[in-house]
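Fit chain B to the given chain A structure using the hints.
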Amino acid sequence: DQQVKQNSPSLSVQEGRISILNCDYTNSMFDYFLWYKKYPAEGPTFLISISSIKDKNEDGRFTVFLNKSAKHLSLHIVPSQPGDSAVYFCAASRDSGTYKYIFGTGTRLKVLA
Amino acid sequence: DTGVSQDPRHKITKRGQNVTFRCDPISEHNRLYWYRQTLGQGPEFLTYFQNEAQLEKSRLLSDRFSAERPKGSFSTLEIQRTEQGDSAMYLCASSLVHNEQFFGPGTRLTVL
Numbered sequence: 001d002q003q004v005k006q007n008s009p010s011l012s013v014q015e016g017r018i019s020i021l022n023c024d025y026t027n028s029m030f031d032y033f034l035w036y037k038k039y040p041a042e043g044p045t046f047l048i049s050i051s052s053i054k055d056k057n058e059d060g061r062f063t064v065f066l067n068k069s070a071k072h073l074s075l076h077i078v079p080s081q082p083g084d085s086a087v088y089f090c091a092a093s094r095d096s097g098t099y100k101y102i103f104g105t106g107t108r109l110k111v112l113a
Numbered sequence: 001d002t003g004v005s006q007d008p009r010h011k012i013t014k015r016g017q018n019v020t021f022r023c024d025p026i027s028e029h030n031r032l033y034w035y036r037q038t039l040g041q042g043p044e045f046l047t048y049f050q051n052e053a054q055l056e057k058s059r060l061l062s063d064r065f066s067a068e069r070p071k072g073s074f075s076t077l078e079i080q081r082t083e084q085g086d087s088a089m090y091l092c093a094s095s096l097v098h099n100e101q102f103f104g105p106g107t108r109l110t111v112l
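Protein sequence lines correspond, in order, to chains A and B.
Everything in the first sequence is counted per our numbering, starting at 1 for the first residue and increasing by one.
Everything in the second sequence is counted per our numbering, starting at 1 for the first residue and increasing by one.
So that you can see chain A by itself, here it is in the shape it has in the complex:
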């Protein structure tokens, strides 16, 4: 049972434009959500997180939106840069993030120069 789903395995975006990565979850107990970026041959790197008490969190070029009623979150990257090309994983946790993380299958983002 895939509790966290990333339905788009890949996404290509022109440099300077907005990248939107989507994630859906099924477990209503999840209350903490994160995005990680992964380059080949490296471990995942934390990008940004959001608690379920918020619907938006922003950090520089990265913004995460949470729609609890739809059990959906998205990561917006504006403007996209070639260095953003990587695999992006959505993760969810409960108990304010103190529980284990459940990851999606990832979306490969390619930013075209």
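Note that these hints are calculated values from the structure, not bench results.
Watch out, some of these pointers could steer you wrong.
What the hints assert, rightly or not - Simulated restraints, written as ranges between beta carbons of each label pair:
hint: 1; chain 1: A; residue 1: S74; chain 2: B; residue 2: T76; range: 36 to 42 angstroms
hint: 2; chain 1: B; residue 1: L55; chain 2: A; residue 2: S28; range: 22 to 28 angstroms
hint: 3; chain 1: A; residue 1: E15; chain 2: B; residue 2: E68; range: 33 to 39 angstroms
hint: 4; chain 1: B; residue 1: L60; chain 2: A; residue 2: A113; range: 21 to 27 angstroms
hint: 5; chain 1: A; residue 1: R108; chain 2: B; residue 2: R9; range: 31 to 37 angstroms
hint: 6; chain 1: A; residue 1: P82; chain 2: B; residue 2: E56; range: 35 to 41 angstroms
hint: 7; chain 1: B; residue 1: Q41; chain 2: A; residue 2: K68; range: 47 to 53 angstroms
Here a beta-carbon is modelled for each residue, glycine too, at the ideal position from N, C-alpha and C.
Quick look at chain B alone, frame taken from chain A:
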């Protein structure tokens, strides 16, 4: 470098052999996690420790797998009698209780 480190980075072994991986977390982190990642999948939780106590083990962790964190610092993950299905990237992460997890570079295991 004060991040999470893992050793070795790559391991090739023959089916039936035992392997052991090591993880050194960020020094002040009291939580340590092991995940496994296969091609096309996200990391899957295996087990985690708070200090030296192993608090949860996934059903993915068969009786051939054992993890330890003897002094609440580094951790080892041992796989006995390896099978080809064990081939994967084994990731270690550490955190403070209420903070995000920081991942190491992983150990890529290939079982021939």
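Consistency of the hints with the structure:
1. A:S74 x B:T76: 36 to 42 angstroms: The hint (36 to 42 angstroms, Cβ to Cβ) holds, given that S74 of chain A and T76 of chain B are roughly 38 angstroms apart.
2. B:L55 x A:S28: 22 to 28 angstroms: Distance hint for L55 of chain B, S28 of chain A holds at roughly 23 angstroms.
3. A:E15 x B:E68: 33 to 39 angstroms: This hint is violated: roughly 47 angstroms between Cβ atoms.
4. B:L60 x A:A113: 21 to 27 angstroms: Roughly 40 angstroms apart at Cβ, these two residues miss the hinted range, so it is violated.
5. A:R108 x B:R9: 31 to 37 angstroms: For R9 of chain B against R108 of chain A, whose Cβ atoms are near 22 angstroms apart, the range 31 to 37 angstroms is violated.
6. A:P82 x B:E56: 35 to 41 angstroms: With Cβ atoms ~40 angstroms apart, the hint holds.
7. B:Q41 x A:K68: 47 to 53 angstroms: violated, 26 angstroms
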